[in-house]
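Chemist: Below, each chain spelled out in residue letters.
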Amino acid sequence: MTVVPARTAWSAVVRAGELLTITDLHGNQAVDFLVYDADDTAVRYSAADTVHAQGNIFLTTGSVLMSNEHTPLMTVTEDTCGRHDTLGGACSKESNTLRYGHHTWSQHGCVDNFLAEGARYGLGKRDLVSNINWYMNVPVEKDGTLGIVDGISAPGLRVTLRADTDVLVLVSNCPQINNPCNGFEPTAVDMTIGAAPRSAA
Amino acid sequence: MATATTYGARDHARAQQGAHAEAMPVVPATDWPAPPCEAGHLVWAETVAGGNYTHRVLARGTELRLTDVKGDACAHVLLYADGRPWERLNTADTVKVQWNAYLRAGALLLSDQGRVLATVIADTGGRHDALCGTSTLVRNTDRYGDGTPQSASPAGRELLKLAALKNGLEPRDLPPSISFFQGVEVRDDGVLDFTGSAGPAASVTLRAEQDLIVLIANVPHPLDPRPDYTSTPLEVLAWRAAPTRPGDWLWDASPEGRRAYLNTAEFLTARGQS
Numbered sequence: 370m371t372v373v374p375a376r377t378a379w380s381a382v383v384r385a386g387e388l389l390t391i392t393d394l395h396g397n398q399a400v401d402f403l404v405y406d407a408d409d410t411a412v413r414y415s416a417a418d419t420v421h422a423q424g425n426i427f428l429t430t431g432s433v434l435m436s437n438e439h440t441p442l443m444t445v446t447e448d449t450c451g452r453h454d455t456l457g458g459a460c461s462k463e464s465n466t467l468r469y470g471h472h473t474w475s476q477h478g479c480v481d482n483f484l485a486e487g488a489r490y491g492l493g494k495r496d497l498v499s500n501i502n503w504y505m506n507v508p509v510e511k512d513g514t515l516g517i518v519d520g521i522s523a524p525g526l527r528v529t530l531r532a533d534t535d536v537l538v539l540v541s542n543c544p545q546i547n548n549p550c551n552g553f554e555p556t557a558v559d560m561t562i563g564a565a566p567r568s569a570a
Numbered sequence: 087m088a089t090a091t092t093y094g095a096r097d098h099a100r101a102q103q104g105a106h107a108e109a110m111p112v113v114p115a116t117d118w119p120a121p122p123c124e125a126g127h128l129v130w131a132e133t134v135a136g137g138n139y140t141h142r143v144l145a146r147g148t149e150l151r152l153t154d155v156k157g158d159a160c161a162h163v164l165l166y167a168d169g170r171p172w173e174r175l176n177t178a179d180t181v182k183v184q185w186n187a188y189l190r191a192g193a194l195l196l197s198d199q200g201r202v203l204a205t206v207i208a209d210t211g212g213r214h215d216a217l218c219g220t221s222t223l224v225r226n227t228d229r230y231g232d233g234t235p236q237s238a239s240p241a242g243r244e245l246l247k248l249a250a251l252k253n254g255l256e257p258r259d260l261p262p263s264i265s266f267f268q269g270v271e272v273r274d275d276g277v278l279d280f281t282g283s284a285g286p287a288a289s290v291t292l293r294a295e296q297d298l299i300v301l302i303a304n305v306p307h308p309l310d311p312r313p314d315y316t317s318t319p320l321e322v323l324a325w326r327a328a329p330t331r332p333g334d335w336l337w338d339a340s341p342e343g344r345r346a347y348l349n350t351a352e353f354l355t356a357r358g359q360s
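Same order as they appear, the protein sequences are chains L and E.
Going by my numbering, the first sequence opens with residue 370, and the numbers climb by one from there.
Going by my numbering, the second sequence opens with residue 87, and the numbers climb by one from there.
It is possible that some hints are incorrect.
If we take Cβ atoms under 8 angstroms as the criterion, some of the chain E residues that face chain L in the derived model are [said to hold, decoys possible]:
| id | residue |
| --- | --- |
| 1 | 178 |
| 2 | 257 |
| 3 | 309 |
| 4 | 346 |
Below, computed lysine to aspartate or glutamate pairings styled on EDC-like, alpha-carbon distance capped at 20 angstroms [said to hold, decoys possible]:
| id | chain 1 | residue 1 | chain 2 | residue 2 |
| --- | --- | --- | --- | --- |
| 5 | L | 511 | E | 274 |
| 6 | L | 494 | L | 406 |
| 7 | L | 462 | L | 481 |
| 8 | L | 494 | L | 409 |
| 9 | E | 252 | E | 132 |
| 10 | L | 462 | L | 486 |
| 11 | E | 156 | E | 209 |
| 12 | E | 156 | E | 108 |
| 13 | E | 156 | E | 310 |
| 14 | L | 494 | L | 481 |
| 15 | L | 462 | L | 496 |
| 16 | L | 511 | E | 271 |
| 17 | E | 156 | E | 321 |
| 18 | E | 156 | E | 132 |
| 19 | L | 511 | E | 279 |
| 20 | L | 462 | L | 554 |
| 21 | L | 494 | E | 168 |
| 22 | L | 462 | E | 352 |
| 23 | L | 494 | E | 256 |
| 24 | L | 462 | E | 342 |
| 25 | L | 511 | E | 275 |
| 26 | E | 252 | E | 297 |
| 27 | E | 252 | E | 168 |
| 28 | L | 494 | L | 408 |
Derived from the structure by calculation, the hints contain no laboratory data.
Quick reminder that beta carbons are idealized off the backbone N, C-alpha and C, glycines included.
Just need the whole structure built from these sequences, with the hints factored in.
Modeler: Below, the structure is given as structure tokens:
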């Protein structure tokens, strides 16, 4: 088990067939997540391919995370929360200036975590694309209105992913404090590679 | 015409001058027969065939009108800041910052740097998509038997790769794209409904708010349920105009948008542009 503290980044290579379990230790934390083919990082998670392949914007058990070449990267094998976001992407210092105002410029953002963690593997800014937000709740109204609202997660809820090929996973444990993606208070999550922990809930 | 000699082959090739095709660029663009702007302002006039692509660099302020001529075009579009392609279209920021999943008149196409790349200034179609991206070699091969650019059913991603490569970019520079003229709607439970197009003659007009690299693939939407690859010509016209300025209704249409225009103007001013 690896506890990822609030606001920090984490990464790992998960081999084909291995399971990765993300546990929301304290509830209502957003876990920003990118995944790449470990052998060819030009092949990476595509929110668009994932959404159109399953015909649904939400992720849950059975959802397949598709690459930009429309190949499977990981599959959700267990989900005790039931709703995860594909649309909202990562927070950043830059987008925060639009969303809340320029006073947020000195706050932490997920894009900085992704850049710093990705650089350890030779990835750069061009390699960042729209990501998954585990546990984040982003409904879309009839008129298209979309927004991050209160989460439906709780302490101990977890999602387990099976790697369908060798993959590199980058995580930013979201530091956002201006919206309810994490109840305005970032908290720690757990990342475990291997069998899902039996007593997590 | 004899082509057994260099002279004959040259004459044969030159005899094609003046030929017309259904889909082709008109050069100079000012020769386009019915310009939608002041005569002489056109800078790009082209009809893109179904299953084909195009690309261009446009100056800040240029307006770009895409028209679905026959009702089965779908324009898959990517935008980059010219000369700084690491600043590029970010569909997540575009929908999140503006609190809306759909692309409509007044929507800003945002980069990942808190700035505007282009504004949707007019739209007669109303059926567009910022969620589903484009088609791939794997998906088109599965659905239509082939997805290579040389085939009768090219995939959007394969065509956008070619357009990117011609601008010094690589496949890893392709983020999720947006598409015009074939839409989707989201149900409460997240299910996507494909709405198809609004029919022939729908148009959408974008205004470049920075100098832009524009990549366009005209291919079926990935959720188009029809078994046959259905893609008809896309008309592309662009003309010189001015970027959005303070006082324009768009500038203050939303607090998020106003800050995006301000960030863009300030960034360009610091570079010595305006």
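Chemist: All hints, please: hold or fail.
Modeler: To see whether the hints hold, each was checked on the structure:
| no. | hint | result |
| --- | --- | --- |
| 1 | 178 | holds, 2 angstroms |
| 2 | 257 | holds, 5 angstroms |
| 3 | 309 | holds, 6 angstroms |
| 4 | 346 | holds, 5 angstroms |
| 5 | 511/L <-> 274/E | holds, 8 angstroms |
| 6 | 494/L <-> 406/L | holds, 17 angstroms |
| 7 | 462/L <-> 481/L | holds, 8 angstroms |
| 8 | 494/L <-> 409/L | holds, 16 angstroms |
| 9 | 252/E <-> 132/E | holds, 18 angstroms |
| 10 | 462/L <-> 486/L | holds, 17 angstroms |
| 11 | 156/E <-> 209/E | holds, 16 angstroms |
| 12 | 156/E <-> 108/E | holds, 12 angstroms |
| 13 | 156/E <-> 310/E | holds, 16 angstroms |
| 14 | 494/L <-> 481/L | holds, 10 angstroms |
| 15 | 462/L <-> 496/L | holds, 18 angstroms |
| 16 | 511/L <-> 271/E | holds, 8 angstroms |
| 17 | 156/E <-> 321/E | holds, 10 angstroms |
| 18 | 156/E <-> 132/E | holds, 15 angstroms |
| 19 | 511/L <-> 279/E | holds, 12 angstroms |
| 20 | 462/L <-> 554/L | holds, 17 angstroms |
| 21 | 494/L <-> 168/E | holds, 16 angstroms |
| 22 | 462/L <-> 352/E | holds, 16 angstroms |
| 23 | 494/L <-> 256/E | holds, 13 angstroms |
| 24 | 462/L <-> 342/E | holds, 14 angstroms |
| 25 | 511/L <-> 275/E | holds, 11 angstroms |
| 26 | 252/E <-> 297/E | holds, 17 angstroms |
| 27 | 252/E <-> 168/E | holds, 13 angstroms |
| 28 | 494/L <-> 408/L | holds, 19 angstroms |
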